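A.B. asks: If you want the building blocks of each chain, they are given just below.
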Amino acid sequence: MAHAHEYVSNTKRIWKVFILLSVVTIVEVAFGIYKPAILHDTLFLQMNLLNWLFIALTIYKAYYIVWAFMHLEGEKSNLRWSIVAPLVFLIIYLVFILLVEGNYVFDVFKSSQIKWNF
Amino acid sequence: MGATVTTANSEGKIWGGGNEPMGINYGKMMMWFFIVSDALTFSGFLAAYGFSRYKFIETWPLADEVFSHFPFMHGVDAPMYYVALMTFILIFSSVTMVLAVDAGHQMKKQKVAIYMFLTIIGGGIFLGSQAWEWKNFIKGEYGAVETKGGSILQFVDATTGKRVKLSDVAIPLHEEREQLSRNKGFWFSSESTLPAYSVNEVVEGFKSKPNLLVRTEATYHPNMAKNVGVHPELNNSTHKHKTILTREESLKRLSEVHYVVEGANLIRNEYGQKLFANFFFFITGFHGFHVFTGVLINILIFFNVVLGTYEKRRSYEMVEKVGLYWHFVDLVWVFVFTFFYLV
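Chains as they are written, first to last, in our numbering: chain A, 1 to 118; chain B, 1 to 343.
Rather than coming from a laboratory, the hints here were simulated on the basis of the structure.
On a predicted model such as this, the values are computed, not experimentally measured, just so you know.
One or more of the hints may lead you astray.
Claimed, not checked - In the DSS-like style, the derived pairs of lysine-lysine whose C-alpha atoms are separated by at most 27 angstroms in a straight line are:
{"id": "1", "chain 1": "B", "residue 1": "Lys321", "chain 2": "A", "residue 2": "Lys110"}
{"id": "2", "chain 1": "A", "residue 1": "Lys110", "chain 2": "B", "residue 2": "Lys240"}
{"id": "3", "chain 1": "B", "residue 1": "Lys162", "chain 2": "B", "residue 2": "Lys240"}
{"id": "4", "chain 1": "B", "residue 1": "Lys321", "chain 2": "A", "residue 2": "Lys16"}
{"id": "5", "chain 1": "A", "residue 1": "Lys115", "chain 2": "B", "residue 2": "Lys321"}
Unchecked claim - One side of the interface only, derived from the structure: several residues of chain B facing chain A at Cβ under 8 angstroms:
{"id": "6", "residue": "Ile24"}
{"id": "7", "residue": "Met80"}
{"id": "8", "residue": "Tyr82"}
{"id": "9", "residue": "Ile89"}
{"id": "10", "residue": "Asp102"}
{"id": "11", "residue": "Ser129"}
{"id": "12", "residue": "Thr338"}
Heads up, the beta-carbon is just placed ideally off N, CA and C, and yes, glycines get one too.
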């Protein structure tokens with residue numbers, strides 16, 4: 001049962017993914033230290049482009065960890081979807097609701113008659 | 001009894017055992033169940049962090065100023081390098097973990113043991129690094145004072161705009177201030193360890209040194225330039241920083257100070273917004289706890305490998321299951337790294 005098919009060692013791919021993850025981390029840190037003004041000062045949906053870049057790179061890293069290291073790429077697609085779909089939709093929903101609400105509370109505090117930050 | 005006997009062939013195939021839904025066995029499936037629920041727990045924490053950060057977006061501390069230490073480099077401003085190193089360590093221990101799984105598939109006991117051992121070492125180094133990070137965070141570096149309204153005021157040099165430590169601000173006044181403890185007052189009243197300097201010592205010190213200014217927790221924005229009390233030269237929009245006040249405004253703000261803050265705890269911290277430290281402790285702490293349990297489970301599996309348990313079983317699947325957990329811990333760190341240190 002366990003050896004119905006011959007297992008192919010994929011150490012090469014593992015090292016490749018490691019190098020990729022390291023490079024992405026180095027790029028993130030470099031951007032975090034130098035903070036290019038063009039990215040840092042341009043807003044998109046109330047958040048600067050640099051932060052968008054960080055989030056995109058993080059998701060890119062997460063994809064490789066889950067797909068290559070946790071070996072989801074080799075699983076059946078119904079398992080893949082039952083893991084990824086609930087997470088993706090629930091997290092997007094939760095983050096959307098909470099960040100919009102947080103922003104609203106910020107506005108309420110800022111325009112209120114009561115001084116809270118002194 | 002007779003009713004349970006089935007005759008159809010297809011039913012026998014489905015319910016006869018040996019079937020694996022989604023092509024994955026029970027143990028791995030349950031590990032994925034756990035990981036999905038744990039991932040939602042962490043998302044809940046990070047989303048709550050995001051909520052509070054958006055709520056106090058103008059007064060949230062800047063990560064570059066808080067996490068700027070590197071081992072054996074005192075006084076050197078090195079933001080991010082240390083956490084980047086920690087990230088590497090964790091990713092690398094993830095790599096050794098997949099290598100162990102890979103060796104397990106080939107039934108190479110020796111190799112699995114070595115890679116498991118390296119993974120445990122990596123986890124240990126990460127935990128140690130996190131402890132060091134916490135130590136710096138709790139101890140603090142510059143110190144600050146808290147106003148009656150609860151906001152934090154920090155001190156800067158008027159010529160350079162650089163931070164100044166409390167010890168360079170305060171002057172000794174030789175006043176007696178006894179720590180309240182249970183045997184001195186009521187049995188239910190006590191207080192935590194007193195700060196090294198009293199409010200008076202800091203305020204008097206500030207008044208006697210004209211080269212000092214106060215910095216608030218509000219992040220500077222160009223449209224604040226016209227506001228009363230905002231320092232005309234030291235604030236600029238070339239980089240994100242906290243607003244520096246003029247000397248008069250500084251003195252005015254200092255008259256409302258009621259507490260000296262050194263380092264961080266769950267009630268107040270010298271970096272600024274109070275919730276910042278709470279979220280830092282809670283989320284990195286919860287992640288650190290996951291790493292800690294991960295290391296423990298890895299040690300257990302390592303001994304099983306060495307004792308030949310899986311060799312006898314002819315399957316190293318247990319290594320794969322703890323591997324899933326270990327990679328998940330790495331995955332969470334990737335997000336914590338982004339939202340606490342980069343963004």
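A.B. asks: If a hint holds in the structure, say so; if it does not, say that too.
C.D. replies: Status of the hints after comparison with the structure:
1. Lys321(B) - Lys110(A): violated (50 angstroms)
2. Lys110(A) - Lys240(B): holds (20 angstroms)
3. Lys162(B) - Lys240(B): holds (14 angstroms)
4. Lys321(B) - Lys16(A): holds (23 angstroms)
5. Lys115(A) - Lys321(B): Given that 27 angstroms is the threshold and the Cα spacing comes to 54 angstroms, the pair is violated.
6. Ile24: Hint on Ile24(B): holds, closest Cβ of chain A at ~6 angstroms, below 8 angstroms.
7. Met80: Check passed: Cβ of Met80(B) comes within 5 angstroms of chain A, closer than 8 angstroms.
8. Tyr82: violated (11 angstroms)
9. Ile89: With Cβ-Cβ at 11 angstroms, over 8 angstroms, it is violated.
10. Asp102: Holds. Min distance 6 angstroms.
11. Ser129: violated (15 angstroms)
12. Thr338: holds (4 angstroms)
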